[in-house]
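**Q** Here is what each chain is made of, one letter per residue.
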Amino acid sequence: MAYSTKVIEHYENPRNVGTLDKADPSVGTGLVGAPACGDVMRLQIKVNELGVIEDAKFKTFGCGSAIASSSLATEWIKGKTIDEAETIKNSQIVEELNLPPVKIHCSVLAEDAIKSAIADYRKKQSQSLDKR
Amino acid sequence: MSLQLPIFMDYHSTTPVDPRVLEEMVPYFLTKFGNAASRSHKFGWEAEEAVDYARERIARLIGAADGKEIVLTSGATESDNLALKGIAEFYKDKGNHIITTVTEHKAVLDTCKRLEKEGCQVTYLDVGKDGRVDPDDVQKAITAKTILVSVMLANNEIGTVQPLAAIGKITRERGVLLHSDAVQGIGKVEFDVQKMNVDLASLTAHKIYGPKGVGALYVRRSRPRVRLAAQMDGGGHERGMRSGTLAVPLIVGFGKACDILLKERHTESARLLSLRERLRTRIMDRLDEVYINGSMEHRLPGNLNISFNFVEGEGLMMAIKDVAVSSGSACTSSSLEPSYVLRALGVGDELAHSSIRFGLGRFNTEEEVDYVADLVVEKVERLREISPLWEMHKDGIDLKNVQWVAH
Numbered sequence: 001m002a003y004s005t006k007v008i009e010h011y012e013n014p015r016n017v018g019t020l021d022k023a024d025p026s027v028g029t030g031l032v033g034a035p036a037c038g039d040v041m042r043l044q045i046k047v048n049e050l051g052v053i054e055d056a057k058f059k060t061f062g063c064g065s066a067i068a069s070s071s072l073a074t075e076w077i078k079g080k081t082i083d084e085a086e087t088i089k090n091s092q093i094v095e096e097l098n099l100p101p102v103k104i105h106c107s108v109l110a111e112d113a114i115k116s117a118i119a120d121y122r123k124k125q126s127q128s129l130d131k132r
Numbered sequence: 133m134s135l136q137l138p139i140f141m142d143y144h145s146t147t148p149v150d151p152r153v154l155e156e157m158v159p160y161f162l163t164k165f166g167n168a169a170s171r172s173h174k175f176g177w178e179a180e181e182a183v184d185y186a187r188e189r190i191a192r193l194i195g196a197a198d199g200k201e202i203v204l205t206s207g208a209t210e211s212d213n214l215a216l217k218g219i220a221e222f223y224k225d226k227g228n229h230i231i232t233t234v235t236e237h238k239a240v241l242d243t244c245k246r247l248e249k250e251g252c253q254v255t256y257l258d259v260g261k262d263g264r265v266d267p268d269d270v271q272k273a274i275t276a277k278t279i280l281v282s283v284m285l286a287n288n289e290i291g292t293v294q295p296l297a298a299i300g301k302i303t304r305e306r307g308v309l310l311h312s313d314a315v316q317g318i319g320k321v322e323f324d325v326q327k328m329n330v331d332l333a334s335l336t337a338h339k340i341y342g343p344k345g346v347g348a349l350y351v352r353r354s355r356p357r358v359r360l361a362a363q364m365d366g367g368g369h370e371r372g373m374r375s376g377t378l379a380v381p382l383i384v385g386f387g388k389a390c391d392i393l394l395k396e397r398h399t400e401s402a403r404l405l406s407l408r409e410r411l412r413t414r415i416m417d418r419l420d421e422v423y424i425n426g427s428m429e430h431r432l433p434g435n436l437n438i439s440f441n442f443v444e445g446e447g448l449m450m451a452i453k454d455v456a457v458s459s460g461s462a463c464t465s466s467s468l469e470p471s472y473v474l475r476a477l478g479v480g481d482e483l484a485h486s487s488i489r490f491g492l493g494r495f496n497t498e499e500e501v502d503y504v505a506d507l508v509v510e511k512v513e514r515l516r517e518i519s520p521l522w523e524m525h526k527d528g529i530d531l532k533n534v535q536w537v538a539h
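From first to last, the protein sequence lines stand for chains H and G. This note's numbering puts the first residue of the first sequence at 1, with every later residue one more than the last. This note's numbering puts the first residue of the second sequence at 133, with every later residue one more than the last.
Bear in mind the hints are in silico, worked out from the structure with no lab data behind them. Since we're looking at a predicted model, the values are computed, not measured.
Result set (BS3-like, lysine-lysine): computed pairs, CA atoms no more than 30 angstroms apart in a straight line:
hint	chain 1	residue 1	chain 2	residue 2
1	H	K78	G	K526
2	G	K511	H	K6
3	G	K526	H	K22
4	G	K532	H	K124
5	H	K123	G	K526
6	G	K344	G	K164
7	G	K532	H	K123
8	H	K124	H	K89
9	H	K115	G	K532
10	H	K22	G	K532
11	H	K115	G	K526
12	H	K124	G	K526
So here's chain H without its partners, still in its complex pose (with noise of 0.2 angstroms):
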């Protein structure tokens, strides 16, 4: 099987990767995947007090396919709110790097791990209200 040209370009040239403090109260941390199913992303954000996604991090353990996925989510909701971020779908994912059916599942791990990270970053933020 051939890859897409933008999978081959992410995969090549992957932006974001990297890792941001897990313990820094405005950083969400989304990790999903398993290692027994070939595939883990990890995908990170922080977000500054307006709730805009200021920088995002990710590393990924997987085939090219879930590699370019997650650089892609990096790329789209950095800059986004986390609401906007939210409403980021596989679908999109899936569209924009040419996924062929098999490789559909990287896309729905990416969109999982976006939504996780968020997830993340929101019980951070109401449990450090609740501290308050």
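Go by the hints and put chain G onto chain H.
**A** For chain G alone, coordinates are given in the frame of chain H:
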């Protein structure tokens, strides 16, 4: 010598035709194009003679007594089907039990599955961590109803060589037939149907530098004389066991490929082993968390099946796209399941997803091995840098204790 890309290191999947093989085939496409079954003219006689010569060459490579024991087929899948279905049908009054192993090729396993639907009982023996079946398990599995044991010579994924001689001793004593899918092992490791008491053996040309589309089933003719029911009806070719006009040029090529191996197998195997060890050490000396799948001791010389922990196999193959290899990763299969062979060894799904199979062959060079080893090391390091699992491992997190959200 300059390096040519892409590099082929997937010799378990297929091989190029050796130029010496092709040279011998060519006249049988052009001038000596007769039908080997034509008895009335020179074209037919010439073709038949060439086919019989090829049979002798094939027989000699596997230690068969006689070229007449070679039933020519379209390839090893057909040979496996013919052996299992043909024996099950012919000996159905004697019994209906077949013994095989869980790491056989799908051509054997899927044929067994069909036979089960048709009333056969099949025992699938487990293999050890090293990929080998225990001959004692074969012994214990044999019942009064057992008609056939089918164990491959060498595995196509992990290169593990099975203890066929020990199994053959048991099957002979118990009066049970032994079939072996010998595709991956012939000409690479010891295989002698007489010494090993093998009664049926599946072979194919395209794994030994012959053409695709031709194979053979060795069917023993004496002590014991093996009978089987034909699965292809027609003109009664191949002593009634496999009808169909013989693919003379391909068969000629198959014979030549066997002849080359007969003469060169020892030097070739030694060379492949040294290349394989060069590849293995150049990778393993420089990378941590790398695991070999299958026995190192009982292994095809050109096989290296290796798991790069925390890096997914297909992702790695994409990084080394100028090198043709294969992976046990789910992503490379249509079923999205990781390799059943690696699972059978007890390799966890994580490591199965991280596996790469290198298959070295006749035309690989030391330069290629060095290039590939260096490339693999560089790319594994890069992919580990973007792997959350590698980071967690480095932070001392035991990945087994993490609650994964499977999808």
